[in-house]
Amino acid sequence: MKKLLLLFSMLVFMVGTTMAQRTVSGNIIDADGLTLIGANVTVPNTTIGTITDIDGNFSLTVPDDTKQLQISYTGFETAMIDLDSKSSYVITMREGSILDEIVVTAGGLEKNKARIGYAIQNVDPDELVKSKEVNIVDALNSKVAGVSVVSSSGSPGASSNIRVRGSTSINGTNSPLFVVDGVPIDNSEIGAGVGGVDQSNRAIDLNPNDVESMTILKGPSATALYGVRAANGAVIITTKKGQAGEPRVTVSAGYTFDRANKFNERQSTYAQGRPVGGVPTWRGPETGEGFSWGPALSGLEFDGSEYDFDSRGRLVATGQGNGVAAESYDPYDFFVTGKSYDLNASVSGGTDALTYYFSGGRLSSNGIVPNATFARNAFRMNINSNVSDKFSVGMGLSFTQSGGFRIQRGSNVKGVMLGLLRNTPTFDIGNGLTGQEAADQTSTYELANGNQRSYRSGIYDSPYWTVNKNPSTDDVNRVIGNINLNYKISEDLSATYRIGIDNYSDRRNSAIDINPGRDVGSVGQAVYTNRDINSDIFLTYTKDLSESFDISANAGFNTFDHRFISQGTNGTTLAAPNFYHINNATDLTAFEGFATRRLYGAYGTVDLAFNDYLFVNLTGRNDWSSILPTDANTFQSYSASAGFAFTEALDIQSSFLDYGKLRASIGKVGNDGGDVFNYATTNYLNQAFIGGDGFIDGNEFPAYGTNAFERDVLLGNPILRAEKTTTWEVGTELKFFRGRLGLDVNYFDSKSEDQIIAVDLSATTGFTNSVENAGTITNKGWEIVLDGTPIRNSNFSWDVALNFTAMESIVESLKEGIDDIGLNGFTSTSVDVVPGQPFSVIYGTGFERTDAGEVIVGDDGWPLVNPTRQALGDPNPDWTLGFNNNLTFGDLSVGVLFDIRSGGDVWCGTCGIINYFGTSEQSAAERDDVVTFEGVVVTGRDDDGNITSTVPNTTAVSLADPNGGVGSYYRVRYGFGGITEMNIHDASWIRLRNVSLGYDLPSNMFDNSFVGGINIQLSARNLWLSTDYPGVDPETNLTGASNGYGLDYFNMPNTKSYSATVKLTF
Amino acid sequence: MKIFKYIFIVCLAIGTGSCTGSLEDVNTDPSRLSNVDLRLLLPEVQAQAANNLGFNPPRVAGIFMQQFLGLDAQQLAYNDYIAGQDAMNNFWRTGLYSGVLKSARVLEEQATAESNGFYAGIAKVIFASQLADAASMFGDIPNTQALQGLEFVKPVYDSQESVYQAAIAMLDEGIDDISFFDGIYAGGDIIHGGSALAWFQTAHALKARYLMHTVKRNPGNAALALEAIENSYTSNDDNAWFPFETSQTANNPLAAFGQERPNTLGFHPNFVAMLDGDPRASKYFVDVEGVLQYFDLGNSDLVWAQDDSAMPLISYTEVLFIKAEAIAMTGGDANSTLADAVQSSMDLNGISADDASAYISGLGNASIQTIIEEAYKAYYGFNFLQTWTNYRRTGFPALTPSPDANESFDPSGIIPQRFMYVDSESQTNSENVEAATDNQGGALLDNKLWAFQ
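First to last, the sequence lines map onto chains R and P. Counted the way this note's numbering counts, the first sequence spans residues 1 to 1066. Counted the way this note's numbering counts, the second sequence spans residues 1 to 453.
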C-alpha cells in the first residue's frame, strides 16, 4: 500500500514538472543496406513516435531521459536501440519472423499463432474502443470471420446476439463462452421476450477500454479445454496489466450523439376512421377505434368545438367547419437526439517485483427515446507480483454497476413503437410539442380528467405516457475477481491455481401505472442474483527435448459452480397513481426460483513441435455434470490438430510467398445441454398456474383462499445423456510480399448429435414437452480473412482487412415424428426449427398453392390461405463480409469499416400491422387500386379433392372498397397484420458500420509539459445503410439474445451516432 | 469418486463453499415438490375447468353466435371466421389436454391409489365434462390413448360418438365414487366446499347436458336426461359456482380479457336487437361513445364482466332449460318449466320480480325454438359453449352468417360448426389428425360434427 501511495505521489509531482527535450535522428536499413520506408520509430510506453521517410530517415524529439527507441517494421524483428549521447544512428534491421502474433488459447495459455493447427482470430483492442460501442459484443461486429453479431435494437443498453459458427443448440445457449483473464463470466440475458423492455446481455458489464487482447476460439479443437460451456466457441479476453516502469496515466473523454437511423414509411393523407355505410368516415379518439381508413385529409377541416383530444376541435367535411384545414402530424418527432459521454482513466506501472493497473470508466447514455437511459460505472484493478523467482501471484478485480431506465417495446400495448406507428396521422401525440419537451409536459399524455390522451383513448398507450408512467429500471452490481498463483517447481514444470468469481445482483423495478378506465395498474420488483465460481488447478510442462523437438503439456482439474436465484413480488391494482412501489399494490404474488449447476472437469493437453514446421496438439477432457443423471453424469471431449508450415519444411520461401501453413483439426466436444436443463431428470409438481389463453395472464395460486400444485408439463428424463458435437476443419495460412499480404482460409464442418431438447410432444400425452436426446444439426462454412497493406510509404499507408463468412446451419433431424420445434415468437408467426431446413426458419401462414407453386385464388378474386402453417423464410444470411480500411497520413489515421450482408429474411410484423391499421405509406398508396391477383382458380377436383384443372385468375378486386366495410379490405381481410407470407422481406444490406478519424497531436507540442501525448478521435457509427427492408434497420431482433431471431414486431429503431473522443497520455 | 475428495479438500483449503454437496443435490429444485396431498391438487383442477369456460373457445363461440362482436385485431378476424389452426392452439395445449385433463387424471390416479372416492369422483366428473365439451368443439379427439405420457406419444383420435359415450360412462363412475364415499373430506374443494351431495347433483346435471348433446343421434337421450335431472339441482344456490376474486391473479377471464385486450371485443348489435325490452340488457352490455361494450372498467352493472363474477360449471338455469327442451321433445308441456328457467335466469341477473314476471308473461308457447332462443339469452356470460352447441343441434336462433366469411377456413360460408384442429397437433401428431380429418370428411369450420347432423 505504501508503494502505491508513493506511486500516486510521484504522479502528482510529475504534474507541473517540465522536462528537457532533445532530437534524435537516424537511418534505417535492412541487412542488404536497402532503406526501409515507413518503419515505426517510437519511445516505448509513450505515444511519442514517427515513421521513416522515403530515404529511410527519421527525426524525433524525445525527452532528455529517454533511454531507448523501438523500431518496428513488418517482416523484421523489432529492434530496441539504446540511446547514448549520439544524436544520429544507423540502424540495421534483422529479417525476422513475420509470424509473431500471439494468441491466447484455452486455459489462458499464450501461444504463437504460427504453432496452432486450428482456426483462431485476434481482434485488435483499439478497434474495439474505436467502434464506440457500449456493448463489447457489438464492438465485435464485422471484425471476425465466422462470428455474427445482431444487436436487438438501438435502445441504450440493449442486448446483442453473438454466434460463433452459427447455432448448435435448440434450447440451450448458443452464445460463446466469455473468458476474462482465464475466468469464464456470465453473458446471459434475463427476460428476453416478445414484449417488455430491451434488456442487456451481461457482457455489457465489461469496459472495452480495459481490454489488452481479445482472441476468438472458433471450434471444439480450441475449446476442448474449457469443456461444455465453450461448445459454442469462446471469446478470450485479457485485460491490461501494468508494466515495470514509471506510472503511465491515460485519461480519455468521449461524447456521442445518436439519432434513429431508419423507420417504416407512414402515410399522411388519410384520417382516423373507417367506412360507415360505405363511406370512409372520421372516427375520433373517443371511439377507441384504431383504424386510419378514414376520409382523405384534403376534404376535412376542424369544427372549432370544445374537444379533449384536439384544441382545434373535431374533424368535419370541408365547408362544414371553421375553415382550418385538417393536417397530419409526424409522430417520429417523438424521438430526440441521444447523448452519451464516456470517461475513462487508468494508471499503470510497477517494478520488477510488482506491477499494477487501475482503471475507472463511466459511461452514461440518454437514448433517442425521451427518458431512456443506460449507465455503466466500471472499475478494475490488476496486480501481479513476482514474490520470488519461483512464485508469482496475480489478482484481478472488477466492479461494475450498470443499468438504466428501459422503455416498453415490442408486442405490448404499452410499447413505444406500437403506440407511435399505429397512431393515426390526424392525432398529434405531442399536443403541439415534440420530443423531451412533450414528454415533460403532463398535458401531452393526460387529459384534465386524468384519462389518457392518446389516439385510441388509452387502449394503446401514448408513447409519452409510456415513458413517464410505465417505468422499468435495472440496477446491476457485479464483481468479477480472480486470483492466480503460479509456482515454478522446476525449470520445466510449473503449477498454477486460479480461482475466479463472477457475482452479480440485478435488481429490477417496473410498473404499469393506473390508466383510468383501462388498466388498474401493476408493479413488480425482482432481484436476480448470480454467483459463478470457477477454479482451475493445473501443471504445465515445457521442454526442448532436442534441437528439433520440443514439447509442452498441461494437465489440470476444473470445478465450476453456478447458482442463480430469482426472487420478487408482483402486485396488481394500484391504490394511487404515480407511485411505483410494491406498497401501492392491492394484491401480491411472490416468486423464488433457482438454477443450480455444477461441473467438474479433468483435462490435459500436449503440444509437440518438430523443427518449427510441424506442430501437433492433442487435448482430452472428462467432465462430470450435475445436470445429467447421477449414475451417468460423465462424458468426454477430445481433439487433435496439426499445423504444417510447408514453406519452412521444404524451404520454398520466395519473395512472393514468405510463409505457408496447412492445418487440420478434428475434435469432439460433449455437452450437458446447459442451464435450461437443470432439474430435468425427474418430474416435479409446480405451484399451480392457470394457462391456456394466450390473450390474458392466467390466474396464479395461491388464490381463492388456497394454495395448489399441478404436475409440470415438461416430462423429465432419467436416462438423459450428454450431447456431442464433432467438428473437423482444414485451413491454410499464407503470407505474401514480406508479410504485406496475408490470407487465412478455413473450412469447417461440424455435426451436433444427441441434442438435449425439450421436444414438443402432442399435448394430448399430458405433457407439452419431454426432455430427450434427439436431433442432429450440422454447420459448415468458409471463413476467409484477407489482410494486407496495399500502400505504404513515408507519409501514407493503407491497411485493409476483409473478414468473409459463408455458412449453412441445417437441422438434419429432430426426433422421429416431430416436424417442428418453436424457438420464439407468436402463435401465428414464429421462429422454429424444422428438419431438413436451416437452423431456424420463419414459420407461419402462407397462401394456398398448387403443386406447381401457383397461388390459388378464390372465385371472388382473393387469394386463398393455406390453413396449415409452414416454413416461409430463412433468417440466415448467405454470406457476410466485413471490410475494414485503415489509412494513415502521418499523425492522422482514418478507419472505414463496411459491413455487407447478403440474404437472410426478416419478418416485418410491424409492416403487416400498420398496413392493417392503414397508417403505412403502402396502405395509402394502394388504397384506390383495383388489382387482379396473379394466380389460378381451381375449376376441377377429383374425388380425393386433388386439383385436376385450373384457369388463370381474371377477377379484379378493389383493395379497399368502402362498400364492403373495413373487414373486406385487402390489408384487413387476412386477419390481424395479414398472413406471415405477406410480411417476409429480404434483409440484405450494405452499411458503413464505422468511420473514424484519429489524430495524434504532434509530440513537439508537449515539449516542456507533463503531457505525453494527445490523441483525438472522431467517429461515426452506422452513417450509411442501404437495404430494401421496409421497416427499421434490419439489424434487429425482437427476442434479444435468445435462440430465435428474424422477427421485427414494433422493435425499437437502431441508431446512427457521431462521437468525439480525446485521449491524453501522461 | 476419490478424486472429488481431494478436490473437496482443496476447496475447503481456500474457503469457498462451492464444492460441498453432491452433484445430485445440486440438481434438486428447491422450489418444487415431488408429491403432494389430494387437497392441494384439487383446487387447480377446478380453477382450470372454470377458466376454460371464459377463455378463447367460449369467446370465439360467442362471436360465432353473434353475442360478441370483434372490434379489433384477432377478434375482428374471428367475425369473418378467420380462425385457423393457431386460434385454439394455446387452449388445446395448456388449457385442455396438458391443462385440466392432465390434472384431473393425475388427481384421479392418486385418489384411486389412496382409495379416496370423493376426490376420484370429482376428478372424473370434471374430466368428463371438459372432455365432452372438447368433443363438442373439435369432434373426434384423443381419449383412449391420451394422457399416458410416452406410452402413446401419438394418441389416436377417437370418434366423437365414442368420446361422448366415454364421458357419460365416466360421469356414472364419478357418481358412484362420490355416492359410496365414507371418508373424511380433506379440503381443496373450492366449488362445493366438500359436499358430496352437491357433487352428486352437479354430476347429474352435467350428465343431462351431455346426453342432450347427442340427442339428435339418440332421441332416447331426452328421457334419460329427464331422469338425470331428477337427481340434480333444485335452485341456483346449488350451482357449481366457481368464485373468482377481485385480485388480478384470481379474476374472471372475461373481465381479464376486457382489461388486458381493451376494445378488441365488443357486444353484438344483433344481440342488442334481440334484447330489446329485455330487463337483462343493461346487465349484459353498455354503450360507450357509440361502441357496444360487454366490459367497461369500473361499471358494476355488467353482471358477467366483473373481476369477481362467479362462473358456474353448470347451473340450475341450464338444468331447467334442458328439462324444458327434453319435455318438449318427449311430447310434454314445457310452458311452466320454461317460465321457471327464464325466472331463474332473471334471478341470476338480479332482475326485480316485477320486471321478470312482465317479461315471462310475454313468452310464447314453449316450442323447441322458443326454449332454445330463451336459453340463448339466458346463457350469456357463463355458458357460451352450450349456446353454440344448442345452435348447431337445433339451428336456433336463426343467424345470418358473415357475408365476408373467409373462404379458406369456411368455404361454404355458414356459421362455423366446429373449431379447426390445432397447429401443435399437426406438428406432433399429424397422422392421427389427418386420419380424424378423413374420418369426419374434413375439419374446416363448415364441417358438421357427427353429433349435430
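If you are wondering where the hints come from, they were derived from the structure by calculation, not from laboratory data. If you're wondering where the values come from, they're calculated on a predicted model, not measured in any experiment. Backbone N, C-alpha and C fix where the C-beta goes; we use that ideal spot for every residue, glycine too. Wrong hints could be hidden among the right ones.
Claimed, not checked - Cβ pair distances, simulated, as ranges:
#1 P/S31 / R/V1011: 55 to 63 angstroms
#2 R/Q436 / P/P30: 43 to 51 angstroms
#3 R/D860 / P/T112: 52 to 60 angstroms
What the hints assert, rightly or not - Far from chain R by the CB rule (all over 10 angstroms, computed), these chain P residues:
#4 N35
#5 S309
#6 S336
#7 Q440
Okay, the hints, checked on the actual structure:
At roughly 58 angstroms, the beta carbons of P/S31 and R/V1011 sit within the given window of 55 to 63 angstroms. A C-beta distance of roughly 46 angstroms is found between R/Q436 and P/P30, which places it inside the suggested range of 43 to 51 angstroms. Look at R/D860 against P/T112: about 56 angstroms separates their beta carbons, and that is inside 52 to 60 angstroms. For P/N35, the condition that its CB be more than 10 angstroms from all CB atoms of chain R is violated, with the nearest at approximately 7 angstroms.
Against the 10 angstroms criterion, P/S309 stays outside the reach of chain R, whose nearest CB is about 13 angstroms from its own CB. The beta carbon of P/S336 sits about 37 angstroms from the closest Cβ of chain R, which is more than 10 angstroms, so the claim that it is off the interface holds. The claim that P/Q440 is not at the interface with chain R holds, since no C-beta of that chain comes within 10 angstroms of its own (minimum 14 angstroms).
Checked against the numbered hints given earlier, this structure breaks only hint 4.
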